[in-house]
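J.: So you can see what is in the structure, the chains are spelled out below.
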Amino acid sequence: MNGYIARRGFAMVPTLFGIVTLVFLMIRLIPGDPAAAVGGEGLGEEALAALRERLGVNGSIPGQYATYLADLVRFDLGKSIHTGLPVTELISDALPVTVAVALLSVVMGTLIAVPVGAVAAYARSKGKVAADQGLTGFAMGVDTMPPFWVALVLILVFSLHLKWFPVSGPIEWTDPVAATKRLFLPVVVLGVAQVASVARVTRTAVLDALQDDYVRTARALGTPETVVLFKHALRNSALPVVTITGLSVGRLLGGTVIIENIFSIPGMGTALVQGINSRDYPIVQGVILVFALLFILVNFATDLVYTRVDPRVRFG
Amino acid sequence: MMFVRDLSRRKFLKATGGAGAVAGLSAIGAACGSDDDDDATGTGTTEASATRPGVSSTQDAGAVKLAANQTLVVRQYDEPGGFDPATLFRIETENIAFNVYSGLTSFDPLTGSPIPDLAESWTISPDGKTYTFKLVENAMWHQDFGKFTSKDVKYSYERVLNPATNSTYRAEFNNVASIETPNEYTVVINLKTPDQNFLYQVGNYHQGQVVKQEAIEKYGDQYARNPVGTGPFAFKEWVANSHMVLEGHAGYFKGAPTLKSIRFNLIKDTAAAETALSNKEVEVAMSIGRNTEIIDRLAKDGRYVLHKSEDYANNIWIFNPDYKPLADPRVRQAFGYGQDMDGIAKQIAPHTQKVAHSILPPFMPVYSESLKYTYDPGKAKELLKAAGYGDGFTVKQILTSTTGASEDLLIRQAQLLDVGIKLEFELMETAIWNKRRNGGDYELTARLYPAVNPDTLLFGYLHPDNIVPKGLNGSKYNNPALTQKLEAARAEPDVEKRKALYADVQKIAHEEAAYMPYATNTVYWAAYPWVKNLVIDKLAVVNWFPVQIEEHA
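Residue numbers (my numbering), protein chains in the order written: chain A, 78 to 393; chain B, 63 to 615.
The reader is advised that the hints may include incorrect statements.
[Unchecked claim] Using C-beta positions, here's what the derived DEER-type ranges look like:
| # | chain 1 | residue 1 | chain 2 | residue 2 | range |
| --- | --- | --- | --- | --- | --- |
| 1 | B | LYS532 | A | PHE87 | 33 to 43 Å |
| 2 | A | ALA255 | B | ASP480 | 52 to 62 Å |
| 3 | B | GLY317 | A | LEU239 | 35 to 45 Å |
| 4 | A | LEU370 | B | PRO591 | 46 to 56 Å |
| 5 | B | ASN341 | A | GLY211 | 49 to 59 Å |
| 6 | A | ALA126 | B | PRO391 | 34 to 44 Å |
| 7 | A | LEU239 | B | GLU279 | 50 to 60 Å |
| 8 | A | ARG105 | B | GLY450 | 40 to 50 Å |
| 9 | A | GLU302 | B | GLY466 | 50 to 60 Å |
| 10 | A | LEU381 | B | GLY466 | 45 to 55 Å |
FYI, nobody ran anything at the bench for these hints, they're computed from the structure.
Bear in mind that the values here come from a model prediction, so they are computed numbers and not experimental data.
Positions of the beta carbon are idealized from the N, C-alpha and C atoms, including for glycine.
Excised from the complex, chain A in its bound form:
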């Protein structure tokens, strides 16, 4: 196992280099002078030169790349052009918020999707087609609702009319109740967005499992149906569910960009939009880099989880 982790970790290095290089090239591929594109307000030559230096776009490209890598090794992602704030500081403030929202969304989405998929499969296996179609239809229906629309509906119902949850204000971790109320609606929006794909995969996997011999054996031994479904069939269907959940994290990171803006959450998505709108490339570069790293790490973690959920999986 440790050997696998080491090999997988080593295999990530080229991927990381690829990402770092793409992010590095992002700003250099702007037509013309990147500093002029960023400055945008008719800066004089002196100011442009200063901005080029600040952006790290002065000197030769290989030289710039070497400096960029050296800075990265020191976790120096540069400073925001508009605020002068170190990007690492900005990200260290925003990342916990986004990670919290993302993780809670995954948990919520999985808690809804897996039972829905499992019960739909069970209904199908028992010939209750209507129940299966109803649950599958529910999942499909949820899938057709764009997250931004769900967000606005939830705001309308739970915030504007019922006044249960706030839609603004800072997130104070020192006040867990307030923080939970503040994050509840965005977590629901992002969680619901994952329900359809996870439920569908769960349904298919459980349906296959329910036709396996060990299920027939368990039933023959008089095992209760709930145990058959949730212990035997579902457990043996976990591999594809874990895979789809891991993959959905990538989609979810994209979703935070919209949802964080709607709910005024100071996370990575908000920082990214702010960076793009103000053409603050160090912020854009930093956030994209961290998003990409997160995605790689989640996939890596998903691979490791395989060994926990299915003992047959062995990494040589």
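Given the coordinates of chain A, assemble chain B onto it according to the supplied hints.
T.: Coordinates of chain B only, in the frame set by chain A:
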């Protein structure tokens, strides 16, 4: 029931006891404005009655029964870029900076005229070239940076002038020859040429805001996130993309503000902002009414007071004469006669637009209407024909993709097409749009530029020294007769003569259609009625010093 507070100047002055009046102040002019095409400025609305500048008498007399909790939560609609006066811009930033810093002067919220701030009085030499400011002696810096003195003024303004600072507003002080500090509480500023509007340039706005050298040096490149001023509120906290907190400055030289603190919560989405206001998560929603639907909805909701900022600036079309058809004044005039500006304003944006008849907004004392372009498609066609474009021509306007082509602009496009002007739109990212506008790279573009100083607009738009890319003169207008009048107006000490000169300037510019003003702009803020003394000034900035929270259920 709709509460739109729109106080008349007479009523305001009666209420304020003439607090804003400054003896000997005859300036008609000048304070810079930040180009702000998305946002708002405006005239105010208030119930304030003051016995000293910015302080309501009700505050002194206790007429308002104050709430025990004087912490105000305000919706901020966009993330500020930083608070260094040398470089700060945009209204969301200026609203914070105005309350953290002070200038030698400040601005009357209703007229925009300069009033005392850190300078309690001043004298202007007969030749209009020397300004001597007598400073207050009890101003203290935030964060224990000590007493404010004349040295701070000299440092601040010379810092703006220093090329190393890269100040966006360096040109505002181009006319400054030297700054002297004969003692701790006197500043003498010598100008190269007479400027009757100089008081605006040392106001509590951008380059006029006074900073502390030790604070600048202490915070270095993080200063913009840690501003230190002498204003009524000290900057306490800024969590990026979340919120900012200002704290009442007990040592403020006009007295401690009633509000203990102000929290600005960032809520970009308008729907979320309306919900936050409804839930009382915020008590004031900055710049919330941007279209008729929202304004109508808020107006029908009897819980709020709508504060409006009316006709604070004009939308103008800018013609690049390098594009041949636009070099002919008759073609430019056809833009005025070829669209129903009045009808569009009334039908499409009745709450936020009126027809504009000058480069200057109507609140300025020197505003004048010499010519009104009324809808006359026949005349527009005749003008085009006389100019040699009887078969029409095509012109491209550059726009930001952030807003795209607004509904009113699409109607203007359709009406102009009827007379033979085929208006096309080229959309681009805002930064590129700004770069192209500032660089003169367009056939047709537009601007909305808030200012309280007529010189900011007239010199900016019409003086040949400011032809793009050096300045705002995007139509590359250069009329020696008009230039002479502009320069004479700036130097003219007699108010009436100056007004007459400015009227001539506006008349010439409008008749020649150097630019085509087509609509004024108004913006709305919503607040609960217990937030007292809220006044939005001519630059869309609120002075939070006199604001109080009344006891409420």
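J.: Is the hinted range of 50 to 60 Å satisfied by the C-beta distance from A/LEU239 to B/GLU279?
T.: Since A/LEU239 and B/GLU279 have Cβ atoms about 52 Å apart, the given range 50 to 60 Å holds.
J.: Mind checking the hinted window 45 to 55 Å against the Cβ distance between A/LEU381 and B/GLY466?
T.: holds (47 Å)
J.: Note whether the CB distance of B/LYS532 and A/PHE87 lies within 33 to 43 Å or breaks it.
T.: violated (57 Å)
J.: If I claimed the Cβ atoms of A/LEU370 and B/PRO591 lie 46 to 56 Å apart, would that claim hold in this structure?
T.: holds (50 Å)
J.: Does the beta carbon distance between B/ASN341 and A/GLY211 stay inside 49 to 59 Å, or does it fall outside?
T.: violated (36 Å)
J.: Given a hinted range of 50 to 60 Å, is it respected by the beta-carbon distance of A/GLU302 and B/GLY466?
T.: holds (58 Å)
J.: Starting from the range 40 to 50 Å, see whether the pair A/ARG105 and B/GLY450 falls in it by beta-carbon distance.
T.: holds (47 Å)
J.: Quick check: does the Cβ-Cβ distance between B/GLY317 and A/LEU239 fall within 35 to 45 Å?
T.: Distance hint for B/GLY317, A/LEU239 holds at roughly 43 Å.
J.: Does the Cβ pair A/ALA255, B/ASP480 satisfy 52 to 62 Å?
T.: holds (58 Å)
J.: At the C-beta level, are A/ALA126 and B/PRO391 separated by a distance inside 34 to 44 Å?
T.: holds (41 Å)
In summary, the numbered hints that this structure violates are 1 and 5.
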